[in-house]
Amino acid sequence: MGRRGWKDRGPVLLAILGVLALLGLGLALFHPALLRRVTQPVFTMPGAPEDVTLIFFQPGAGEVRERRVKISAQAPLLARVKKAVELLWEKPSSDSEPTLWPAPVRFNSAYLRPSGLLILDLARSPQYNQVSDAYAELRLVESVVRTLTKNFPEVRQVKFLINGQEEETLAGHLDITRPFGERTTRR
Amino acid sequence: MHPKTHPLHAAGVIALAGILLGLPLAGAFVCPGTCAAAETIVIDPGHGGADAGISPPGLRSEKENMLALALDLEQALRRRGAYRVVLTRTQDVTVPMVEAQADSNRSGAEVFLALHQGKPGEEARLRLFVNRRLMDEALVRAVKKQLGSGVRIVPWDFAQNPRQAASRRLAERIGQAWQTLGPAGTLAGQVLSAPIAVLSGVQAPAVLAEIPDVGRGKSSLENPAYRQQVAERLADGVAVFLSGR
Chain E
1 MGRRGWKDRG
11 PVLLAILGVL
21 ALLGLGLALF
31 HPALLRRVTQ
41 PVFTMPGAPE
51 DVTLIFFQPG
61 AGEVRERRVK
71 ISAQAPLLAR
81 VKKAVELLWE
91 KPSSDSEPTL
101 WPAPVRFNSA
111 YLRPSGLLIL
121 DLARSPQYNQ
131 VSDAYAELRL
141 VESVVRTLTK
151 NFPEVRQVKF
161 LINGQEEETL
171 AGHLDITRPF
181 GERTTRR
Chain H
1 MHPKTHPLHA
11 AGVIALAGIL
21 LGLPLAGAFV
31 CPGTCAAAET
41 IVIDPGHGGA
51 DAGISPPGLR
61 SEKENMLALA
71 LDLEQALRRR
81 GAYRVVLTRT
91 QDVTVPMVEA
101 QADSNRSGAE
111 VFLALHQGKP
121 GEEARLRLFV
131 NRRLMDEALV
141 RAVKKQLGSG
151 VRIVPWDFAQ
161 NPRQAASRRL
171 AERIGQAWQT
181 LGPAGTLAGQ
191 VLSAPIAVLS
201 GVQAPAVLAE
211 IPDVGRGKSS
221 LENPAYRQQV
231 AERLADGVAV
241 FLSGR
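Residue numbers (the numbering used here), protein chains in the order written: chain E, 1 to 187; chain H, 1 to 245.
Please note: incorrect hints may appear among the correct ones.
As the list claims (entries may be wrong) - A few chain H positions that, by computed beta-carbon distances, are all more than 12 Å from chain E:
id: 1; residue: K63
id: 2; residue: R127
id: 3; residue: G150
id: 4; residue: L208
id: 5; residue: V240
id: 6; residue: S243
Unchecked claim - Incomplete in silico selection of chain H near chain E, CB under 7 Å:
id: 7; residue: G58
id: 8; residue: T94
id: 9; residue: A188
id: 10; residue: Q190
id: 11; residue: L192
id: 12; residue: A194
id: 13; residue: E210
id: 14; residue: G217
Since the hints were derived computationally from the structure, they do not count as laboratory data.
Quick caveat: nothing in here was measured; it's all calculated off a predicted structure.
We put the beta carbon where it would ideally sit given N, CA and C, even for glycine.
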């Protein structure tokens, strides 16, 4: 009697398990919190580069110029951040290319907090005393912040450090004691 | 003489008339030209001490150029009116930014002008920076909660905020005066907004002027004639701003 009952209920249990499995799959695919994690590997080809738009802030001269570059999407986020920042002040291959070169700083390291605050640690470059006027400082900070917040959704604000220390300015002009983000840099 | 008029009364009337007429005339001697009754102008020559600012090899450093320009500007302002001119440094010393701002606020400055130098060999464009920083409302709310709602809170870093419009006007006046500077090719002054460290705590219209160094192979700011021209244009801009308030 008991055995027959179990056999009778078998299809029902299978149907319930099937529904639960479908619900679980649906949750995994379409839940907002999981959606990005699930879809990213699906749409990213292994080793394929991603387009990054470098933004060069030029106050008064059309405000911004952009340059599209490719950065490996396989690399960890902070490696892509480093690449994007260094491309901003790379020596250009032609005079017509926008650039921050020569920059008064170089990249040291970066760290991203869960809140979206990127700590960007820089060091002063050998050209520091020749190129560090207020205009260059403003262009550098605005270009870095706009490039990072536009291309990396994880980055919402940028806090600048010099050799791991909090300093008042990069080169005596722009106040870097507070983080820069979309709200602080919008004109 | 009228029989009822006492001679002393007549003398009193004449003396009073003399005083009323004489005061403005005396004023004209004290304040020739654009008289501004001892308005205080604070000049902050950029960098100093261990911080040389821009210092390309073989050229005089920014800290020296800006001190020389500040001294020229002081003289140019004195020639224009009875201004009280205060320099945050008159020697090659480090003055912390917060100290320069405190000096300005203590002296009751009506204008604060920070002098800095652009990269050598750049275009002849004067860049004028005014401070722009969004008020940290969360900070103000937290302090108010501690002190009570009756207290008006102005955090030091945001002291410049209520003066942003006046600072912009000051920058525009200086930019307009700059255009009268020769030689040909001089570009109009450019006004830019940014969180400028040395301006944020100043309780007066405040501008950071970045002076172009147009020299090729040699700093033009080492040339006393160029420096004098720059000082005259800056002084013109400040005087026009103060006379038009």
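Taking the hints in turn, this is what the structure says about them:
{"no.": "1", "hint": "K63", "result": "10 Å, violated"}
{"no.": "2", "hint": "R127", "result": "5 Å, violated"}
{"no.": "3", "hint": "G150", "result": "28 Å, holds"}
{"no.": "4", "hint": "L208", "result": "6 Å, violated"}
{"no.": "5", "hint": "V240", "result": "22 Å, holds"}
{"no.": "6", "hint": "S243", "result": "28 Å, holds"}
{"no.": "7", "hint": "G58", "result": "11 Å, violated"}
{"no.": "8", "hint": "T94", "result": "11 Å, violated"}
{"no.": "9", "hint": "A188", "result": "10 Å, violated"}
{"no.": "10", "hint": "Q190", "result": "5 Å, holds"}
{"no.": "11", "hint": "L192", "result": "5 Å, holds"}
{"no.": "12", "hint": "A194", "result": "5 Å, holds"}
{"no.": "13", "hint": "E210", "result": "5 Å, holds"}
{"no.": "14", "hint": "G217", "result": "14 Å, violated"}
Of the numbered hints listed earlier, those contradicted by the structure are 1, 2, 4, 7, 8, 9, 14.
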